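Using the hints provided, position chain A relative to the given structure of chain Y.
Here are the chains, one letter per residue:
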Amino acid sequence: MVAESFSFTIDGIVVQARPGQSVLQACDEAGIYIPRLCHHPDLAPSGACRVCTCRINGRNSAACVTPAAPGMVIENDTPLLTADRRAVIEMLFVEGNHPCPYCVASGDCELQALGYRLGMVAPVQPYQWPGRPIDATHPDIALDHDRCILCARCIEASRMQDGKSVFGFAGRGIAMRLNVDAAGGLGDTQMAAIDKAASVCPVACIVIKRGSYRIPNGERRFDKAPIGSDIEARRARPTP
Amino acid sequence: MSDLHVDLERTSPGPRKIVIDPVTRVEGHGKVTIRLNEAGEVEQARFHVVEFRGFERFIQGRMYWEVPVIVQRLCGICPVSHHLCAAKAMDIVAGVDKITPTAEKMRRLMHYGQVLQSNAVNFFHLASPDLLLGFESPVAQRNIIGVIEAFPEVGKWAIMIRKFGQLVIAATGGRRIHPRLCIPGGVNQNLAVENRDALRADVDQIIQWCCEALELHKRFVSAHHTLHETFASFPSNYMSLVGPDGAMELYDGTLRAIDAAGAPIFEGVSPQAYRDYLIEEVRPWSYMKFPHIRSLGREDGWYRVGPLAQINCCAFIGTPIAEMARKDFMAQGGGGLVHATLAFHWARVISMIHCAETIKQLLFDNDLQGTDLVVTGQRRPEGVAIVEAPRGTLLHHYQVDHNDQVTMANLIVSTTNNNEAMNRSVTKVAIDDLTGHEITEGLLNHIEVAIRAYDPCLSCATHALGDMPLVVTLEDADGAVIATKVKQ
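So the protein sequences, as listed, match chains Y and A.
Going letter by letter, the first sequence gives residues 1 to 240 in our numbering.
Going letter by letter, the second sequence gives residues 1 to 488 in our numbering.
Calculated directly from the structure, the hints in this document are not laboratory data.
Since we're looking at a predicted model, the values are computed, not measured.
Beta carbons: idealized from backbone N, C-alpha and C, even for Gly.
Treat the hints with care, as some may be off.
[As the list claims (entries may be wrong)] Covered, in the sense of this in silico footprint (three residues per stretch, anywhere, with C-beta under 8 Å from a C-beta of chain A), are these stretches of chain Y:
hint, segment
1, 99–108
2, 132–142
3, 213–220
[As the list claims (entries may be wrong)] These stretches of chain A come out as covered by chain Y in the derived footprint (C-beta under 8 Å, 3 or more residues):
hint, segment
4, 109–122
5, 171–180
6, 183–195
7, 319–326
[To be verified] Derived DSSO-like pairs (lysine-lysine); straight-line CA-CA distance at most 30 Å:
hint, chain 1, residue 1, chain 2, residue 2
8, A, K327, A, K163
9, A, K98, Y, K209
10, A, K163, Y, K224
11, A, K163, A, K218
12, Y, K164, Y, K209
13, A, K218, A, K327
Next comes chain Y alone, as it looks inside the complex (with noise of 0.2 Å):
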């Protein structure tokens, strides 16, 4: 049996959800995009980042953990929330190191691609230049610390879709880092360049070896349309 479908509003626009699906999840399907930064589209949702936070029903709350609900009213693109989502990318950038010039993912990392599309033409907070050495011990995969964001994507990968527990977080705050299963580093682990951790990262940490730089200046994935563009063409398709 089907479940009946409800309708909610955000920025006064109907949107139809179905009983289990989170606010984000809803909005995709109805091609409203929702600026999103840990959230994957094949994983779990953790709500780590905020940059998916909302208003709904005059509070703020990440739309990637909220189930939808019948009547909620969710302000979305306001000025308000798209300040505080760049904030917090600003404060990525600052937490890493992340020199888009040469980075292997320029043109194809989302976080570079959120800065662009919230507008942020130059980190406002002071730079905190971490020390965080390359974990270069795996034959097949580069673990770049300085990129890392903390989106949890490959923990959760790891531990539901291939099954290793590879990944997980040590310290706390500021503190936080992500770190492996092994003493040795990655190359003692049972991480292989065909798990799904090791496609998932949002940003330069995780990167394949040797294949980089492969994709032209003006083929990448966010060269030709903004994040999120993909989303949105959704909506702007007519109804069959």
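Frame of chain Y; chain A shown alone:
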């Protein structure tokens, strides 16, 4: 300008030191100090590079395939040269001795576009104000805007030739500055037909303009024959890449060094063997190292690189118009080499013609539309590569550990190779032109004219950034600064 006169009027008779800080119309930050004794004679003249960037250190630990993209950030003028040189070194690290024809021709096309546009910047934007308007012409007019006002046609050549070179870079690497084409073992794209056709439509005009620029420059030489021959000039050794048949070669080849008489010091030296033939010396007053030829020692082993060296070292140029121009150029030497420092400019224009001709040849080569782009091989721990950058021989040397991380980098940049020669040119001009004269801004510009002939890029040479103003300081015999003039 007025500040300079005030400073100069304040200088008392007796020992003094002139400091030109920063040097202008070159890339990067440098200064010149000239020490005069009580009789007003030059005791010492030095060209200091006062900035430091340290790429050799901070790429340590990075993954080797990142290096061609990282190191091109050394420079906004010649990023392509660093991109290509690092890529060639990383080809070797990746175990690739020969890339595909499409990959090599794409790289060559980009390289010749780069050398063309960079040489155009030096010749037109940086040097032509001195050559066309006069070394001591009013400083307010002595710039590219003044050239455009006085010689509108030259201004057009300056803009259009540079633009064409940049469009070649953009067509091959996605953008005009800091492109991305090379990956270890090959390239990431071929040449799109629409880009090829657009460049084909303009290339003949570019060759024509380069030839007209050459004729213009030859008229300058004819009108200032003695100046051209003697200014900042001296015999020297030269070094450049040459092809297997001795042809001028900018992208690949082996090293040839010749002495002032044209006799070989070494030749056929592969990049991997450079340390057997070259050694670098550090001096405490400059961030730029002093390389010299190992067998000749630090006193006699210095040499010059760049367009003048490329032409002196090669047996011929493989494109017809440039080869005719080379023969005409070499006639100055009466059967020997050409040693005139200002001849760097003449040689630079010949290089531009050669680049434009080569670009035309490549644009009609169907290999550029090939789809075999990358070759792989067995990893190696070390790679050395050399290209002839616009300013001369550029060497990149890397060591990479078993985790693919760079452990050592050594960059011998074109400008670094010319370090001793630039210092000698500065000294010669200081002795010839400043001794016994009242020092004016115009006279001090003679020092800068000598430096500009080498087209130094101090950002590259010390791994540093910025544009390059000139500082001149006047000191007494005890080293106390009497006056300083900063030219922006």
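Here's how the hints hold up against the structure:
With a threshold of 8 Å between beta carbons, the proposed coverage of the segment 99–108 of chain Y by chain A holds, since 3 of its residues qualify and at least three are required. For the segment 132–142 of chain Y, the stated coverage by chain A is satisfied: 5 residues place a CB nearer than 8 Å to a CB of that chain, which reaches the threshold of 3. Coverage of the segment 213–220 of chain Y by chain A holds in this model, with 7 residues showing a Cβ closer than 8 Å to a Cβ of that chain against a need of three. For the segment 109–122 of chain A, the stated coverage by chain Y is not satisfied: 0 residues place a CB nearer than 8 Å to a CB of that chain, which falls below the threshold of 3.
With a cut-off of 8 Å between beta carbons, the segment 171–180 of chain A has 6 residues touching chain Y; three or more are needed, and the interface restraint holds. Residues of the segment 183–195 of chain A lying with their CB closer than 8 Å to a CB of chain Y number 4, which satisfies the three-residue condition for coverage. Residues of the segment 319–326 of chain A with a Cβ under 8 Å from some Cβ of chain Y number 0, which does not satisfy the need for three, so the listed coverage is violated. Of the supplied pair hints, the one linking K327 of chain A and K163 of chain A holds, its CA atoms being roughly 28 Å apart against a limit of 30 Å.
Between the alpha carbons of K98 of chain A and K209 of chain Y the distance comes to roughly 21 Å, so the proposed pair stays at or under 30 Å and holds. Under the criterion of a C-alpha separation no larger than 30 Å, the hint pairing K163 of chain A with K224 of chain Y is consistent with the structure, at around 25 Å. A threshold of 30 Å between alpha carbons decides the hint, and for K163 of chain A with K218 of chain A the separation of about 24 Å falls inside it, so the pair holds. A C-alpha spacing of about 21 Å is found between K164 of chain Y and K209 of chain Y, which places the hinted pair at or below 30 Å, so the restraint holds.
A threshold of 30 Å between alpha carbons decides the hint, and for K218 of chain A with K327 of chain A the separation of about 14 Å falls inside it, so the pair holds.
In this structure, the hints that do not hold are numbers 4, 7, in rising order.
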